[in-house]
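Line by line, the protein sequences are chains W and Z. The first sequence begins at 1 in our numbering and counts up by one. The second sequence begins at 1 in our numbering and counts up by one.
Any given hint might turn out to be false.
What the hints assert, rightly or not - Taking lysine to aspartate or glutamate and the EDC-like style, the derived pairs with C-alpha atoms no more than 20 Å apart in a straight line are:
id	chain 1	residue 1	chain 2	residue 2
1	W	LYS80	Z	GLU149
2	W	LYS87	W	GLU65
3	Z	LYS173	Z	GLU149
4	W	LYS85	Z	GLU117
5	W	LYS191	W	GLU133
6	Z	LYS140	Z	ASP204
7	Z	LYS126	W	GLU53
8	Z	LYS126	W	GLU28
9	W	LYS69	W	ASP21
10	Z	LYS209	W	ASP142
11	W	LYS27	W	ASP197
12	W	LYS167	W	ASP197
13	W	LYS107	Z	GLU117
14	W	LYS188	W	GLU173
15	W	LYS27	W	GLU192
16	W	LYS20	W	GLU71
17	W	LYS140	W	GLU185
18	W	LYS80	W	GLU53
19	W	LYS216	W	GLU181
20	Z	LYS16	Z	ASP156
21	W	LYS87	Z	ASP156
22	W	LYS87	W	GLU28
23	Z	LYS42	W	GLU53
24	W	LYS167	W	ASP215
Calculated from the structure, these hints are not laboratory results. Please read these numbers as outputs of a predicted model, since none were measured by experiment.
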Amino acid sequence: MDILNINHLRKSFGDLEVIKDISITVKEGEVLSIIGPSGSGKSTVLRCATMLETMDGGDLVYLGEYAAKDENGVSVYADKANLQKAKSNFGLVFQNFNLFPHYSVLKNVMDAPVRVQKRSVEEAEKTARELLEQMGLADKADAYPHQLSGGQQQRVSIARALAMQPKILFFDEPTSALDPELTGEILKVIKELASQDMTMVIVTHEMSFARDVSDKIIFMDNGVIVEEGTPEEVFASENQRMKEFLRRFNG
Amino acid sequence: MSFGTMFLQMGAGMGKSLLIFALTLLFSMPLGMIVAFGRMSKNKIIQTAVKFYISVMRGTPLMLQLLVIFYGPYYLFGMNIGSRFAAVIVGFSLNYAAYFAEIYRSGIQSIPVGQYEAANVLGYSKTQTFMLIILPQVIKRILPAVTNEIITLVKDTSLAFAIAYQEMFTIGKQIAASQTSFLPFVIAGVFYYVMNLMVAFAMDKAEEKLSYYR
Ligand SMILES: Nc1ncnc2c1ncn2[C@@H]1O[C@H](COP(=O)(O)OP(=O)(O)O)[C@@H](O)[C@H]1O
Ligand SMILES: [Mg+2]
Numbered sequence: 001m002d003i004l005n006i007n008h009l010r011k012s013f014g015d016l017e018v019i020k021d022i023s024i025t026v027k028e029g030e031v032l033s034i035i036g037p038s039g040s041g042k043s044t045v046l047r048c049a050t051m052l053e054t055m056d057g058g059d060l061v062y063l064g065e066y067a068a069k070d071e072n073g074v075s076v077y078a079d080k081a082n083l084q085k086a087k088s089n090f091g092l093v094f095q096n097f098n099l100f101p102h103y104s105v106l107k108n109v110m111d112a113p114v115r116v117q118k119r120s121v122e123e124a125e126k127t128a129r130e131l132l133e134q135m136g137l138a139d140k141a142d143a144y145p146h147q148l149s150g151g152q153q154q155r156v157s158i159a160r161a162l163a164m165q166p167k168i169l170f171f172d173e174p175t176s177a178l179d180p181e182l183t184g185e186i187l188k189v190i191k192e193l194a195s196q197d198m199t200m201v202i203v204t205h206e207m208s209f210a211r212d213v214s215d216k217i218i219f220m221d222n223g224v225i226v227e228e229g230t231p232e233e234v235f236a237s238e239n240q241r242m243k244e245f246l247r248r249f250n251g
Numbered sequence: 001m002s003f004g005t006m007f008l009q010m011g012a013g014m015g016k017s018l019l020i021f022a023l024t025l026l027f028s029m030p031l032g033m034i035v036a037f038g039r040m041s042k043n044k045i046i047q048t049a050v051k052f053y054i055s056v057m058r059g060t061p062l063m064l065q066l067l068v069i070f071y072g073p074y075y076l077f078g079m080n081i082g083s084r085f086a087a088v089i090v091g092f093s094l095n096y097a098a099y100f101a102e103i104y105r106s107g108i109q110s111i112p113v114g115q116y117e118a119a120n121v122l123g124y125s126k127t128q129t130f131m132l133i134i135l136p137q138v139i140k141r142i143l144p145a146v147t148n149e150i151i152t153l154v155k156d157t158s159l160a161f162a163i164a165y166q167e168m169f170t171i172g173k174q175i176a177a178s179q180t181s182f183l184p185f186v187i188a189g190v191f192y193y194v195m196n197l198m199v200a201f202a203m204d205k206a207e208e209k210l211s212y213y214r
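Same shape as in the complex, but just chain W:
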């Protein structure tokens, strides 16, 4: 089953056309990585998919239901109730975590399930503690974000996203704000999620990680998809831009 379809996405900021006709399909249990030079539009794609930006043109479809539908080249969004429903399908992990500093770790993870999804406090707390356990943070439940390392904060933010029981999880460069020695713990967590068949879309600059974890890779440049396929296919690509991009990473 398709969890996410983006069809013919277009997005401009003023006169700058940032995304030019991009289509993406993510199936249940699939891990898709998006790679590409900085400024190529990767974040914009995620921000359109998570409705932090409005699309200019194209469809946005979660589990077969339209959150936005292209009508004569213009994205028309569903009504508020349907958008709220679409929103419940996904979670987003930010580059710089965006934890709520005035909430304890536990509250960061259990507050939205209680306030937004109206789950009982007992159940939400139980789920939150299990997730923190899974993230290796059981002993940090009562700490506040500023008392944690970047890697720990990012694990809390992953737990916070998972607590909403999303069908698909987006990551926008989840390790880019971390010291190099802390990236490994986040990549490990994401790999674990992949092994549990979590559906994920990951924007990353960690090439060997992307190769390991992904079912599919998209290489973006200048607002278009230049190359897509299995990791083997993409990394063996003869495309000039792709090769040049990889060469820079391999030093």
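Once you have looked at the hints, place chain Z with the ligands on chain W.
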């Protein structure tokens, strides 16, 4: 006149000074939030009108504003605002709302956009986002500036003398003149100073209470 009599007469005024202080805070702090939202409104007309209001309130003396509010209606429409007290409270509240609005606005705008985005993706409504996520962080950030404003307000209550409202300082000045005594000014000074010690203490406690996060 003995010290005791002097103190008792001024004491009656102290209650009024405190009342000006308390009512001004009670009205101006919420009103300031509305003004701040108007100032940040996407509607250009509202935004410009509120901007003008704030610049007038901050750009002219409070004393002058009190005079305008109390005597203005008489000169303009020939009608009297009977109550000096009401004029004082309205004047102080309108004036302080402008100052608080600017403090709130800078506080709200200092919250990183990522906080809104995280809340949005988690499905919090706009109201929930503001009340649960943004406002608590704003309060922590603006506390020092609010403290300054409150301390200024304690001292500003003496400006009610401009329209002869019988608060402590107005009475003190009358006694000083009639008794040719300096003592009322000493009493007034001690009163303001002690009031502000208490304000500073309370605000310190509040800041301490919010120091559990950064
Ligand atoms: N809110 C915005 N306003 C104007 N330009 C933007 C905005 N967000 C992104 N851009 C521009 O869009 C382009 C793509 O940005 P982005 O999607 O962040 O790229 P990437 O994540 O691949 O580095 C860049 O040129 C960036 O400057
Ligand atoms: Mg980016």
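Consistency of the hints with the structure:
1. LYS80/W - GLU149/Z: At roughly 41 Å apart (the allowed maximum being 20 Å), GLU149/Z and LYS80/W break the hint.
2. LYS87/W - GLU65/W: holds, 11 Å
3. LYS173/Z - GLU149/Z: The given pair, whose Cα atoms are some 25 Å apart, is violated under the 20 Å limit.
4. LYS85/W - GLU117/Z: holds, 17 Å
5. LYS191/W - GLU133/W: Satisfied, since the Cα-Cα distance of roughly 16 Å is no more than 20 Å.
6. LYS140/Z - ASP204/Z: Judged against 20 Å, a Cα distance of about 12 Å means the pair holds.
7. LYS126/Z - GLU53/W: holds, 16 Å
8. LYS126/Z - GLU28/W: Violated, at about 31 Å.
9. LYS69/W - ASP21/W: holds, 14 Å
10. LYS209/Z - ASP142/W: Distance ~17 Å between LYS209/Z and ASP142/W Cα, so the pair holds.
11. LYS27/W - ASP197/W: Roughly 11 Å between the alpha carbons, so the hint for LYS27/W and ASP197/W holds.
12. LYS167/W - ASP197/W: Judged against 20 Å, a Cα distance of about 11 Å means the pair holds.
13. LYS107/W - GLU117/Z: holds, 18 Å
14. LYS188/W - GLU173/W: holds, 14 Å
15. LYS27/W - GLU192/W: holds, 18 Å
16. LYS20/W - GLU71/W: Distance of about 17 Å is within 20 Å: holds.
17. LYS140/W - GLU185/W: holds, 16 Å
18. LYS80/W - GLU53/W: holds, 15 Å
19. LYS216/W - GLU181/W: violated, 27 Å
20. LYS16/Z - ASP156/Z: The hint holds at about 13 Å.
21. LYS87/W - ASP156/Z: violated, 51 Å
22. LYS87/W - GLU28/W: holds, 17 Å
23. LYS42/Z - GLU53/W: Cα-Cα ~18 Å, so holds.
24. LYS167/W - ASP215/W: holds, 17 Å
Hints 1, 3, 8, 19 and 21 from the list above are not met by this structure, while the remaining hints are.
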